[in-house]
Amino acid sequence: MLTFDKKLDDDKDYQKDKQWKDETRKNCKERRNSFSNLSGMEINPLYSPFDLENTDFERDIGYPGEFPYTRGVHRNLYRGRLWTMRQFSGFASPEETNRRYHYLLKNGQNGLSVAFDMPTLMGYDSDDPISLGEVGRCGVAVDTLADMEVIFKGIPLDKISTSMTINGPAPIFLAMYIAVAQKQGVPIEKIRGTLQNDILKEYIAQKEWIFPPEPSMKLIVDTIEYGMKHTPKWNTVSISGYHIREAGANAVQELAFTLADGFAYVEAAIERGMDVDSFAPRLSFFFNSHNNFFEEIAKFRAARRIWAKRMKEKYGAKDPKSLMLRFHTQTAGCTLTAQQPENNIIRVAYQAMAASLGGTQSLHTNSMDETLSLPTEKAVKISLRTQQVLAHETGVTDTVDPLAGSYYVENLTGRMEEECEKYFTRIEHYGGVIEAIKKGFFQREIAHSAYMQQKKIDKKEDIIVGVNEFVDKDEDIEIQILKIDPHIEEKKVKELKELKSSRDQDVLKEKLDRIKQAAQNDENLMYSILDAVNVYASMGEIVQALKEVYGTYREPVIF
Amino acid sequence: MEKIKVLVAKPGLDGHDRGAKVVARALRDAGIEVIYTGLHQTPEMIAEAALQEDVNFVALSILSGAHMTIFPRVLDKLREKGIDDIVLTGGGIIPADDMKTLHEMGVGKLFGPGTSLEEIVNYFQETSKKKEVVVS
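Chains A and B, in that order, give the protein sequences. Numbered by my numbering, the letters in the first sequence go through residues 1 to 559 in order. Numbered by my numbering, the letters in the second sequence go through residues 1 to 136 in order.
Among the hints, erroneous ones may be present.
As the list claims (entries may be wrong) - Incomplete in silico selection of chain B near chain A, CB under 8 Å:
1. Gly12
2. Pro95
3. Gly112
4. Ser116
As the list claims (entries may be wrong) - No more than 30 Å apart at the CA atoms, straight line, and that leaves these computed lysine-lysine pairs for DSS-like:
5. A:Lys422 - A:Lys473
6. B:Lys5 - A:Lys439
7. A:Lys491 - B:Lys77
8. A:Lys183 - A:Lys473
9. A:Lys455 - B:Lys100
10. B:Lys129 - A:Lys473
11. A:Lys218 - A:Lys547
12. A:Lys378 - A:Lys318
13. A:Lys439 - A:Lys309
14. A:Lys497 - B:Lys129
15. A:Lys456 - B:Lys129
16. B:Lys77 - B:Lys109
17. A:Lys494 - A:Lys547
18. B:Lys130 - B:Lys100
19. A:Lys456 - B:Lys3
20. B:Lys5 - A:Lys483
21. B:Lys109 - B:Lys81
22. B:Lys130 - A:Lys473
23. B:Lys5 - A:Lys456
24. B:Lys100 - A:Lys378
25. B:Lys129 - A:Lys460
26. A:Lys233 - A:Lys314
To be verified - Not close to chain B: a few residues of chain A, all C-beta gaps over 12 Å, as computed:
27. Arg415
28. Glu510
29. Tyr550
None of these hints come from the bench; they were simulated from the model. Backbone N, C-alpha and C define an ideal beta-carbon position, used for all residues, glycine too.
Given only the sequences and the hints, what does the whole structure look like? Please build it.
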């Protein structure tokens, strides 16, 4: 068995290693002053066994499907089953979205992922004055159960898994999805999919919150508890680093803040009285795959190791499934360029490969035109084909965790873990994640990283092809972009108003009052919300009822 | 030269504030006085803040696709308040055709993805020297 704990001055191999490195540094001119990754870690010209002095094979690497899961949560990974190719989509009307889903399924996609529009994400109905101009723009507008029935028309919910990217009003959407399944005659214990339902990263990065942090956490624990009892195949929270990274965080910050959020949910659910092994297996993760290839792979590997160790050692989890960090990956939207947009296809392909070498369970590849608008059908097809080429032609799926044992990758994986632990200590000093949010800790860290990254690009310390180097002067971006019909908004608002006036107002009021009462009594709200969506109470009406009890949140302004 | 004063605003529901914050900080580091509104501002709130703070520029960051609704509404609100010496500018995911249409309506230069901070800072400094009146 390899051990990497020798660093003796009289060791011949160590002397040779040291000599080679010293001579190379002294004699070989380099094209830049220093090499570092996007987290600012200095990268050496060469890695060798002596760079793994802190790595212990059994403790830190081990075998796939075994603790600490650095090498993956499955024994045979993609030899058994390829990752799920899941393209995030949804736009305009429920009808259009349903049509796009049938198109994607016909082209070989095997899971759905719903993108909602801004008003929906923020808990406003399409007919709310604040929604004007944003209905159906960057996702599908959903107001009531009627819209969800249209979106999933002809799609059997016991066969297809669905991911819903929604956070503030997440319990309402879980309730609507359950209601659609029931109407299709599908037993709800059979539904499979994921609710993003990660409010902490909203306060930290994406800023789509509704209520203050404490009641938001209560709602999430409600869904965890409900899921544990009624929907055992449903992933209740998708703890997301994606948005943290997109907001400007570097890889270490993405990893540390995301895992810290995950542990905060674990602690909240334990505090409710749940056994850690009753809910932890249904927590899943969502990471970003950015440009620096090996850094990203190390990040994914470190994520699994840190999660497994903490879940076992700190929270006493015993079920192996509680220790396994399963994750979805999306390639980094913020790396795409408006200039020479076809180059984005190449960026996405490398990022996708990093995700597969990192052992992702599912993957979304971005489309080349996303800095310009929502993707066209052609662009979406190319990005899906990128995954299919990766999965079927490159051979990277033939063996599990092929980069394990690489001196560089193992060294980087170890450093990721160390840097993460430093952030955990800082967060603890603030009094935990929620306190750190209120004091603007994460927001400041991310804003600072984002600014520094932009400065590096401006100074050409980081090269972005087509943007600050290899620029096509007078480039006229000729790319077909998807236009959203402005009449969709008018039609949606009109339909919603008709539906709202057709309901039995007394029944509606009773259901909404029941939600408020449940909130005041601190009951699990899933049951009363499910009753309300079944009488076509709108999402905005339910959110309003909850706002009356919980209030709203405003963040500290930091830049 | 009088000190340049800029109101950086995030209108609408979209919370993607990375660009707004990076630009706000770059302007501040260039010696420009910056007021950042924070999220979820209505056109009315933005025009009112512009009036109260007596700024030379209002810079909107819009990534949600709602630019064709929001820019004209902010222009209208500024005009309603009799403000005619402010340049309304901004950036985000805005297709070239839309930029042209907005410019014809009286909106200043709009910046897309990949713009350097230097280019943005220069625009504020140069435009300010020219004392160009865009909202009229």
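Using 8 Å as the Cβ threshold, decide whether glycine 112 of chain B counts as touching chain A. Holds: closest Cβ of chain A sits about 5 Å from glycine 112 of chain B, inside 8 Å.
Lysine 233 of chain A and lysine 314 of chain A: Cα distance at most 30 Å? Measuring from Cα to Cα gives roughly 26 Å; hence the hint holds.
Agreement of hint glycine 12 of chain B with chain A interface, Cβ distance less than 8 Å: holds, 6 Å
For the pair supplied as a hint, lysine 455 of chain A and lysine 100 of chain B, confirm whether the alpha-carbon distance does not exceed 30 Å. holds, 29 Å
Pairwise hint evaluation, lysine 129 of chain B against lysine 497 of chain A, where the allowed Cα distance is 30 Å at most: violated, 51 Å
Answer holds if the nearest beta-carbon of chain A is closer than 8 Å to that of proline 95 of chain B; otherwise answer violated. Since the shortest Cβ distance to chain A is 6 Å, the answer is holds.
Given the hint that lysine 494 of chain A pairs with lysine 547 of chain A, test it: the Cα-Cα distance must not exceed 30 Å. holds, 25 Å
Are lysine 422 of chain A and lysine 473 of chain A close enough, with their CA atoms no more than 30 Å apart? violated, 45 Å
Quick one, are lysine 456 of chain A and lysine 129 of chain B close enough, alpha carbons at most 30 Å? holds, 28 Å
Run the C-beta distances from arginine 415 of chain A to all of chain B and say if the shortest one exceeds 12 Å. At about 26 Å from chain B, arginine 415 of chain A clears the 12 Å cut-off, so the statement holds.
Lysine 77 of chain B paired with lysine 109 of chain B [C-alpha distance capped at 30 Å]: OK: lysine 77 of chain B and lysine 109 of chain B at ~19 Å, within 30 Å.
Take a quick look at whether lysine 129 of chain B and lysine 460 of chain A sit within 30 Å of each other, Cα to Cα. Holds, because 28 Å separates the two Cα atoms, which is no more than 30 Å.
In the structure shown, a violation is registered for the earlier hints numbered 5, 8, 12, 14 and 20, in ascending order.
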